[in-house]
Amino acid sequence: MNSERKIYSVAEVNRKARMVLESGIGEVWVEGELSRVTLHSSGHWYFTLKDAQASVSCAMFRNDNAKVPFKPKDGMKVQMLARPSLYEVSGRYQLIASAMEEAGKGSLQEQFEKLKKKLADEGLFDASRKKPLPVLPRKIGVVTSPTGAAIRDIINVLTRRFPNIGILLVPAKVQGVGAENGIAKAIDYLNSRGDIDVMIVGRGGGSIEDLWCFNEEIVARAIARSEVPVISAVGHEIDFTISDFVADVRAPTPSAAAELAIREKTDFETELALYRRRLGQNLKTMESNLRLRLNRAAHSYVFREPQNLLLRHRQNIQGLEAQMGSLLRFGVQQAQQRVDEIGMLLKHRTESRLAMDRQRTEKLAAQLRMLNPLAVLGRGYSLTYKADGRVVRRAHDLAAGERLTTRLAEGKVISTVEEIE
Amino acid sequence: MAEKKSADFEKSLERLEQLVGEMESGQLTLEEMIKHFEEGSGLVKSCTKKLNEVEQKIEKLVKKDGELSTEPFGIKEQPE
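Each protein sequence line maps, in turn, to chains V and W. With numbering that gives the first Met the number 0, letter number 54 in the first sequence gets 53, and the count goes up by one each step, no holes. With numbering that gives the first Met the number 0, letter number 41 in the second sequence gets 40, and the count goes up by one each step, no holes.
For the record, the hints were derived by calculation from the structure and aren't laboratory data. A few of these clues could be false.
Stated by the list, open to error - Derived pair list, reagent style EDC-like, types lysine to aspartate or glutamate, alpha-carbon separation capped at 20 Å: (1) LYS283(V) - GLU31(W); (2) LYS130(V) - GLU54(W); (3) LYS264(V) - GLU54(W); (4) LYS115(V) - GLU216(V); (5) LYS34(W) - GLU286(V); (6) LYS44(W) - ASP266(V); (7) LYS70(V) - GLU286(V); (8) LYS76(V) - ASP120(V); (9) LYS48(W) - ASP266(V).
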């Protein structure tokens, strides 16, 4: 009996049991409630999954639980993909989980479709909400992991296109528990700064679980309320996330996002040089057109001898000036003459009047002199008065012996009548 | 402020296109032509200046004792 007996060590039997368990059942989806959750410092998770009838010990190792977009808590209902196994050291049967979703939320795809529809109905994806990207951003904000491939690609492309670009990286976890909160906060922070003209939000490629935080509503809302234009760059070309739909522009990759964020500096320089050339060219064309017209005009009759024309004009002007001067002078002279004339006339009139008056006076005086009986005496005549004073006109009026008074031009003579003839 | 400045550059480019378009229309007088040229040349100059005004700086936001600040960020120092 003993020789037929095959003796296993405990370790051996445990290993065999494990192999049977693992190959016999394989991976299955199992739903239950979490309890006794332990998030070990090693990064592995240990917990118990139970439902109304039974419970089972579970483990989820670091590499797998990194992709779970939530933090497991006691009492949480989950669905997990797990393979039954056995911990050989203690012989304890357990489930090894490789994926975990919150139960009741539906599958990731269902959650994605549900949120997408909800936000689309709210109009968050509308083209009218999309903000144009600035032509020349002063500073570009980047929300991603500081250690991922995405930030390297973004910085390489940005600095190659525009060597003196300003970039501000806001480090954020881009996968795993709570990543969505950090991303949303980073987007809000960049908005609060006031010096960011555009931002890139994203990460490099990964599984749907890796990218899941960009499908969270809190990130979608942060992008929707961002005043700063947002370029989303999540995963590869084929990956579409809710963030991509809400963002102002979706870039297929982080490198592509950098290319969208700013044009090449040499592009700007070429454009400006072109404008400079067109400005100069246009002015030159106009200048030569004008010169042509000017030449044509210069050869016309009128301008053939511009000097003469000028001279003629000058002469004209001088002539006019002279004319005006002489006119003025003439006017003054005339006025003066007129004044003189009037003066002379007045003088003349006065003088002639005086002369006339004098003449008349003289004439009158002469007349008066002639009428004056005494005046006759001057010529040798005399007047003889009788004693009674009457003038003696006839000799018969007198008697001999009568006393007479004779008036001469100068003096009087008293005489007596001798005889009458 | 940020939007204003980056919008200025964009407006300048638009204005340049307008100026050059008008100049090419052949409808301008010499005086207008010279004015357009002067304004355009000024815009080209200020735009060129703005291109070089942007300060090269690659920074990372850090939180120290609850205070936010920035420090230079070099990708070459970062692990793969």
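Evaluation of the provided hints:
Between LYS283(V) and GLU31(W), the direct Cα distance comes to roughly 14 Å. Compliance with the 20 Å bound is thereby established for this hinted pair. Between LYS130(V) and GLU54(W) the alpha-carbon distance is near 25 Å, which puts this suggested pair outside the 20 Å criterion. For the given pair, LYS264(V) sits about 13 Å from GLU54(W) by alpha-carbon distance, which is consistent with the 20 Å threshold. For the hint pairing LYS115(V) with GLU216(V), the CA-to-CA distance comes to about 9 Å; that is within 20 Å, so the pair holds.
As the CA atoms of LYS34(W) and GLU286(V) are separated by approximately 14 Å, the hinted pair is consistent with the 20 Å bound. Only pairs whose Cα atoms come within 20 Å are accepted, and LYS44(W) paired with ASP266(V) is accepted, the gap being roughly 16 Å. Proposed proximity of LYS70(V) and GLU286(V) is contradicted: the alpha carbons are some 76 Å apart, above 20 Å. Using a Cα cut-off of 20 Å, the hinted pair LYS76(V) and ASP120(V) is violated, with the two alpha carbons roughly 29 Å apart.
For the proposed pair LYS48(W) and ASP266(V), the alpha carbon gap of about 15 Å is at most 20 Å, so the pair holds.
The earlier numbered hints that this structure contradicts are 2, 7, 8.
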